[in-house]
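Residue numbers (the numbering used here), protein chains in the order written: chain Z, 1 to 93; chain A, 1 to 497.
Derived from the structure by calculation, the hints contain no laboratory data.
Label pairs and their computed distance ranges (CB to CB):
(1) A:495 / Z:17: 52 to 62 angstroms
(2) Z:7 / A:1: 13 to 23 angstroms
(3) A:116 / Z:7: 27 to 37 angstroms
(4) A:64 / Z:3: 29 to 39 angstroms
(5) A:307 / Z:59: 31 to 41 angstroms
(6) Z:17 / A:201: 22 to 32 angstroms
(7) A:238 / Z:7: 32 to 42 angstroms
(8) Z:3 / A:227: 26 to 36 angstroms
(9) Z:21 / A:301: 19 to 29 angstroms
(10) A:3 / Z:3: 19 to 29 angstroms
(11) A:189 / Z:3: 38 to 48 angstroms
(12) Z:7 / A:52: 25 to 35 angstroms
Here are some of the chain A residues that sit facing chain Z, going by a computed Cβ distance under 10 angstroms:
(13) 29
(14) 50
(15) 57
(16) 73
(17) 78
(18) 150
(19) 269
(20) 275
(21) 285
(22) 286
(23) 376
Just so you know, these numbers come straight off a predicted model, no measurement behind them. Even for Gly, the Cβ is constructed at its ideal location relative to N, Cα and C.
Okay, here's what each chain looks like letter by letter:
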Amino acid sequence: MLSPLLIGLYVFVLAVFVGRELLTKVPHTLHTPLMSGANAISGITIVGALTCASFGSKPAAIIGMLAVTAAMINVVGGYLVTDRMLKKFQRRD
Amino acid sequence: MQTLIHVTYMVASVLFIVGIKRLSAVKTARSANAISAFAMLLAIVAAMLDIAHQGEIAWLWVGMGLVAGSAIGAYLALTVRMEGMPELVGFFNGMGGLASSLVAVSMSIFAWIAWGELLSAQTAGMTTTVGVAGLPEAAAETRGAAPLLTPDNAITIALSILVGGVTLTGSLVAWAKLKGVMSGGQIFLPGHKAINLVLLVITLGAGIAAFFVVPLGSITLLYQLLAVAVVASFILGVTFAIPVGGADMPVVISLLNSFSGIAAAMTGFVLYNNLLIISGSLVGAAGMILTIIMCRGMNRPLTNVLFAKFSLTGGDKEEYINVKSGDPVDAAIALANASNVIFVPGYGLAAGQAQHATRELADMLEERGVNVRYAIHEVAGRMPGHMNVLLAEANVPYDQLYKREDIEADFKNSDVAVVIGANDVVNPAALDDENCPLYGMPILPAHEAQQAFVIKRSLAAGFAGMKNTLFESDKTLMVFGSAKDVISSISEELKQQ
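The shape of chain A in the complex, shown without the other chains:
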């Protein structure tokens, strides 16, 4: 039976790898996700067989957890709007972290109680086998006077609590900032880094101490130490995420995604289960690669994203001068006479749910023989690839979507650039103003087009508090309003042209 279970785990590991590999092409991606989900099902069935095989099981508890979790997960997944995807992924991520943390806590309580039972059984002169479902052989060998868990376990459990807890509360902060429940501003505490370090030491210290200093019979002390470790890891997750500004949250979500994988791998170390280690590290690698890609897109090192305060120096607090604003009619006239148009979507398009309206406008332009393209900046939106998902939802053809590096040279040959709710990614100050916090970030040069229309709710600064010099350019016309309304009226006006 054990062999069957472990072979199943192995098959599941392979399927996870196949699933991730096939996720790299649009054609195979959907089946890849199904393969991965099937692997998860296999793993769950094998785990149930495993525990059923080990002895008595509280099926009621297990069943309740399975049903409740599935129902909540399905409800959230099926009701979310595509615009809210980043928050939801952040939330799911947090749940994964919470699970890892709880498993570690449960594991140590169980091992400790089982150890006590074992010892008292021995002193009573009985030979008895205590149900140690799921506990590894290596740990079981040390049964006797020693705890059921080895020092190895103490470290991996403490790490599991640490990474799991940070993933949970860090993800919740990211969720709150993206959702707007919490302001997107950066929050710094005095001695922020020192606080983080202290919390890290407390979490690991209390987690490890739970194994070495708790005498038999004082389970309260065990509970207290575990509680200290868990609470400290939760606080650390918060202090880790609050200094990161709203615009940088995608990086944090991506990094926490990596953490949740590592937390799962740590759980694998606690259970000596290779399936958990393999799939956890795959996720760890995925999150890390996406994090690095996003940091490169902003031309900032990760440490800068996580810890740096945006310095509000230089001219960034200046008022806007010479901003020209127009109405949809102006835009419609310009578009009617254009032959090359580039759309630059940003978070405003997502927030205003303007993807469908945008596609309708684009279709209309195409019918008139206009060459329409979309320029996608790697950090546009609130998560990597966010714009692609939204535009895919609106059925925008792939061949109209261009990555920044493939289209940036074409702006100067285009008649009109329509910037929809994007700000920092089109700020020319990033190119030439060394005092600008965005300096060095590659941008989409909308200012190089013959004419630029910027659709935006107001002149409010982007996250960086930066003035966008594009808005002051002679070639730029601001069209204020919500992206959806403005674009729909442009389409209406275009029909009259």
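Pulled out of the complex, with its shape left as it was, chain Z reads as follows:
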């Protein structure tokens, strides 16, 4: 049985490859939305942050709440701003 760390490493390396394969095809025009869209995805830390905010211990929960706030700024802001940009690209189709 592999240790969870090693399984995680497998997943990590494979996902980096998938990302590389997918992204080399993105046209220059879409680089800015791609960047901000990808940036929104990095807000996935929200999952960890939610776990922390639910901890019974006070200091850990307070820090967790701050993490939830920061991650939500990243997530909500990132997706909305990407959508605003893409809307402009689509208007003429």
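Starting from the structure of chain Z, add chain A where the hints point.
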């Protein structure tokens, strides 16, 4: 329940991958973003189910964080102007890094407190289960005399603090430099690289030590070590970003974007959550690819962008001689008689919000039967693809936009090149002056057109402190002023022609 939660995480992972894939075409891009946002929603719901399932939850804390974060994010996203996009993306990026860093800190404090409670419960002879919501099975197995977190966790938590902290303050410096809050110049400290290395060692050292040297009962020491790690990572982010000049900031933002993904993946390692690892590494790859593309566009290796001092040697400090300046009337006359015109937009177009005025001028020229095209350099603007976003905002048709490599050969066949607030990307010195810091960077050869108009606020040097030999060319006429005003007056004059 656990199965359902994990299946949901898996579905979310797949949707993130689909989302990124569909982002590669204009047609599918908007739905791609919606898919990705939906995946995020799924992940959040699953995470809430997960914690609700594990026991008591401070819903008030969770709710406050969710509402406050969403409100701030939405406000910023909906009010930003397209010109300010690079700064905002940098800022959001920093928030992602901050979240990763905080999660790591919170995780280690919680695990440590839970460990203490567990030990005292055991010594009291009670069998009790301490709420370890979210803590992985593997770590839970080591409960007993050992800490709840394994040495693996110690390393991933330290890395999370490191990457998260660097992403936060590095992004804030990038934000400040782009916003103009901070000067765009390069700042070097004595022994800069050594300082960075020391900070790196302190961050990782303190982060890892927090797990191995803190005896039970001295939580203050734990707090101190974590604080040292966090502060050192914050300083490292600053020292990492300050030597990079304003013009190179897009590279840093792109690289930090990659870091924020890696930070999320590290959090995934702390929580043993594959969703975080997958989506984090996708973002890591995205940021890295964009970074490489931008470096190629400037023909400089990444290490050069990050660490090199622009050497101000050679003739670059010379005064301009023989610069001819004209007014909008001259430009209007030239344009009225042209049949092939190429616009070269640069950061000045963004800063002066001249994209709409430019399109109006272009439309007018088209009505007169002029062939109008835009030449987009890969590093024009303040982030990759920045010019495309601005021109899209002004409804410039796609088929008028040309990448550098597709149009560079056509300059010599065109009558007029109109350079709007671009500098380094049209500097012919990059082609033939080996002392020029830009030497080797592919440029848009505006100097090859029959005539070039350069719309610029002043003759102030570009970021590199370089003289632009295009400005001295016989064929060039400088039109000074803000891009928007100048272009509007050209349009006005053109109507009279």
